[in-house]
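*Asks:* Spelled out, the chains give:
Protein chains: 2
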Amino acid sequence: MKNTYNPLSSSIRKKLRQILGKRFLETQEDLRAYSVDASPHSFLPEAVALPESAEEIAQILRLAQKEKFPVIPRGAGTSTTGATLAVKGGLVISLLRLNRILEINREDLVAVVEPGVFTGDFKRAVEEVGLFYPPDPASYEFSTIGGNVACGAGGPKGLKYGTTKDYVLGLEVVTARGEIIFCGRRTMKGVVGYDLVHLFTGSEGTLGVITKLILKLIPKPPCQATLALWLEDTEKAAKAFLEILKAKLFPATAELLDDTTLLAVKRFLEKEILRAQALLLLEFDGAKKQVEEDLLQAQKILKNFGLKLEVATSKQEREKLWRARRLISPALKKIAPGKLADDVVLPRSKVPEFLSFAKNTGEKYGLTVACFGHLGDGNIHVNILFEKNDEIKAQKVRVEILNKVLDLCGTISGEHGIGLTKKGFLPKELSPEVLSLMKGIKQVFDPHNILNPEKIF
Amino acid sequence: MKNTYNPLSSSIRKKLRQILGKRFLETQEDLRAYSVDASPHSFLPEAVALPESAEEIAQILRLAQKEKFPVIPRGAGTSTTGATLAVKGGLVISLLRLNRILEINREDLVAVVEPGVFTGDFKRAVEEVGLFYPPDPASYEFSTIGGNVACGAGGPKGLKYGTTKDYVLGLEVVTARGEIIFCGRRTMKGVVGYDLVHLFTGSEGTLGVITKLILKLIPKPPCQATLALWLEDTEKAAKAFLEILKAKLFPATAELLDDTTLLAVKRFLEKEILRAQALLLLEFDGAKKQVEEDLLQAQKILKNFGLKLEVATSKQEREKLWRARRLISPALKKIAPGKLADDVVLPRSKVPEFLSFAKNTGEKYGLTVACFGHLGDGNIHVNILFEKNDEIKAQKVRVEILNKVLDLCGTISGEHGIGLTKKGFLPKELSPEVLSLMKGIKQVFDPHNILNPEKIF
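Protein chains in written order, with the working numbering: chain A, 1 to 457; chain B, 458 to 914.
Keep in mind that the hints were calculated from the coordinates and are not lab data. Using N, Cα and C, we set each Cβ at its ideal position, and we do this for glycine too. Please note: incorrect hints may appear among the correct ones.
Claimed, not checked - Below, a sample of chain B positions facing chain A; criterion: calculated Cβ distance under 7 Å:
no. : residue
1   : R642
2   : G650
3   : E750
4   : L865
5   : T868
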């Protein structure tokens with residue numbers, strides 16, 4: 001989809017100022033603030049809009065459609081794939097001012113929210129009334145619910161509770177034509193026409209701008225417990241988890257830290273945690289008796305694996321066990337200046353094989369590969385660490401690893417999406433026929449390709 | 458979407474015979490067998506195909522695309538909306554010969570099946586290895602898994618476990634162009650490109666012919682218990698259930714039978730069940746201790762509602778309590794020759810108001826309206842009963858009831874889909890802009906409108 005776009009002329013800028021007043025930003029300082037996200041890339045937009053209503057966004061899109069300039073919707077800018085960057089210039093629309101929690105309904109078990117609400121704030125508001133919104137991407141304290149839906153975010157709780165896309169019932173969306181539409185519903189079920197809700201979810205702002213969300217809630221599980229198993233190697237951790245599943249235990253979370261990740265965290269903590277080379281963190285939740293029963297059974301299974309088994313039921317103790325997991329990102333940044341990160345997913349049974357492959361492939365090129373992540377649903381975060389002049393080698397490792405993922409019937413992204421950084425790998429996973437159907441859909445929703453151009457395809 | 462189609466000429470028939478051999482059916486007897494489903498309508502197809510592979514289906518569709526004749530995919534023909542009928546003539550493709558369970562993987566928690574597998578057979582095969590496929594449409598013993606996915610079927614377990622669409626991970630589909638494509642994945646998560654899996658799910662055979670399915674499984678809950686509460690009125694049953702939810706109990710199933718439904722069942726059973734005017738059936742599942750605790754808490758809440766509370770934990774006793782629920786369909790058929798049936802969904806908090814409205818609206822026109830169904834997720838089956846010459850009145854009641862559903866932020870179909878019988882109501886729920894996007898998608902997937910014409914739109 002090659003298109004030519006018009007720059008934001010002074011007459012377009014005048015019209016945008018009429019719509020937005022002081023909420024139309026043009027200074028170099030402002031533009032630079034919106035030129036980056038959590039990816040390694042940077043593109044300067046021509047201007048930034050801070051709309052406060054769906055109606056304002058509709059006006060902007062009608063103008064963009066007429067004048068042919070790119071529009072890039074943006075939440076908190078935590079995308080790791082460059083999905084929020086203005087690759088072709090144009091106007092970034094920040095959704096941060098649409099930030100109201102409009103309703104949390106305890107009888108219907110639904111919430112109605114605007115896209116700019118921070119996910120952590122939303123989760124707390126829901127828990128305050130005894131309900132639960134399970135999706136928990138690592139970024140939840142500083143990413144928005146609209147961004148989570150736009151990229152189909154996941155998180156550790158995916159194992160038991162599914163991911164963001166399992167909690168979206170209805171959406172208000174501004175289309176590329178500048179129409180405000182509603183799709184989906186506020187009921188638990190519905191099969192009226194095609195499922196546009198799931199089409200917008202994970203479409204990375206390329207099909208419309210989400211302006212309101214109806215989300216499904218569930219009752220909050222009253223009890224949680226965490227189990228930490230320190231092991232001598234990573235594959236053994238993956239095998240231990242498969243035994244848990246075979247025993248029909250179904251933890252809410254199963255997180256893995258491999259040797260490199262653990263080493264990074266150890267250095268960061270500046271102390272040695274035993275002689276462990278891997279850490280498996282399991283979390284069980286539910287009614288008290290259920291959790292007690294699960295813990296006993298899990299301990300029985302896991303006592304034959306690993307070096308040390310720790311159990312925590314109080315919030316404070318649990319936080320302590322989770323500390324190593326939370327430190328991963330800053331710790332990995334400390335040990336290597338360069339990092340290529342992917343969020344691949346494998347069928348659970350293939351995880352042990354994949355973990356050795358990733359490690360060995362790194363070693364073949366003299367690089368370190370750190371793996372951690374959501375063992376529970378097979379979603380492994382692969383981090384290829386490199387010094388500045390080793391980037392080409394790192395890219396080679398990446399290609400071999402992603403090819404292996406596809407050989408093992410896996411997928412190249414479980415929760416980050418494609419954005420800019422994985423575009424090149426899309427044709428490896430999707431056939432030309434499937435890509436052609438997807439591009440056909442894009443054409444229907446956004447005939448002039450003004451919405452977030454250069455992303456996904 | 459108006460199209461003209463070519464009749465199945467002798468040269469087309471010759472080509473179809475070359476593809477299918479004796480599995481190409483043309484006798485009047487055969488055509489009549491495929492002219493009906495569980496809707497009140499009937500349309501004679503021109504011929505019927507019994508393909509045995511995706512490749513054969515691809516050949517048929519390439520021919521249909523070239524020669525412009527309609528193709529109507531069909532499972533077991535249990536659609537209540539006429540979704541499987543050959544409204545424009547053409548070729549019915551029965552998927553019943555693609556009926557192999559290809560894989561049930563206990564480590565990956567996935568199954569790979571062909572569309573013609575009966576859902577009941579599949580559920581049993583999965584349970585034999587200790588796993589669980591929750592979706593349980595009432596028809597599960599005689600409907601196919603492919604049909605369930607094509608119409609987005611639901612069932613009582615929707616409350617806790619979601620519906621069919623929550624269990625579809627990947628699909629092999631033959632497109633209208635006769636290409637065999639794969640979309641989705643066999644992993645638990647994935648956000649690579651647009652979500653075509655959910656687009657095909659519930660699209661009623663209008664976007665492609667499903668030829669293979671990758672389904673998500675979960676561990677089988679070890680223990681079940683059923684609770685039957687007989688009450689003096691229907692609204693009270695709905696309120697009792699809201700109290701259960703408020704106490705953060707989350708049953709797997711919450712089924713309601715209103716006075717008329719219960720009366721029908723009573724007559725059918727030829728005995729009086731107490732003086733109850735409504736029945737609420739709750740089912741809890743999970744670990745043994747958990748279920749025991751839930752039951753105790755539920756009994757405490759429900760003892761102040763209703764006339765009699767029964768609890769069953771053994772399979773045999775549970776079956777006894779479920780008997781009234783299972784008898785509804787034959788019982789309602791016995792008390793009235795005509796029936797207009799809808800499967801509306803309301804936000805849970807609106808269910809009591811809706812139940813009175815439905816009853817009163819029936820009474821206004823001198824007709825009886827029986828309501829039963831999945832109280833748990835607000836999915837109420839509304840049955841307008843009428844004598845032969847009252848159909849016009851019944852249609853008026855239907856319109857008032859469906860309008861009320863939309864006024865209460867509900868949806869006109871939770872699990873049956875639109876098909877033929879609800880087409881007229883689609884523009885009441887969906888805006889012209891949304892309909893236009895859906896029609897645009899249809900155009901991308903099936904430019905000549907050969908797949909299941911006259912359905913949904």
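*Asks:* Work down the list of hints and note, for each, if the structure agrees.
*Replies:* Hints versus structure:
Using the Cβ-Cβ criterion of 7 Å, the hint placing R642 (chain B) at the interface with chain A is satisfied: the shortest such distance is roughly 5 Å. Given hint, G650 (chain B) at the interface with chain A, holds; its Cβ is 5 Å from that chain's nearest Cβ, closer than 7 Å. Using the Cβ-Cβ criterion of 7 Å, the hint placing E750 (chain B) at the interface with chain A is satisfied: the shortest such distance is roughly 6 Å. Evaluation of the L865 (chain B) hint against chain A yields a violated restraint, the C-beta minimum of about 10 Å exceeding 7 Å.
Against a cut-off of 7 Å between C-beta atoms, the interface hint on T868 (chain B) holds, since the closest Cβ of chain A lies about 4 Å away.
Comparing the model with each numbered hint stated earlier shows that hint 4 is the single one that does not hold.
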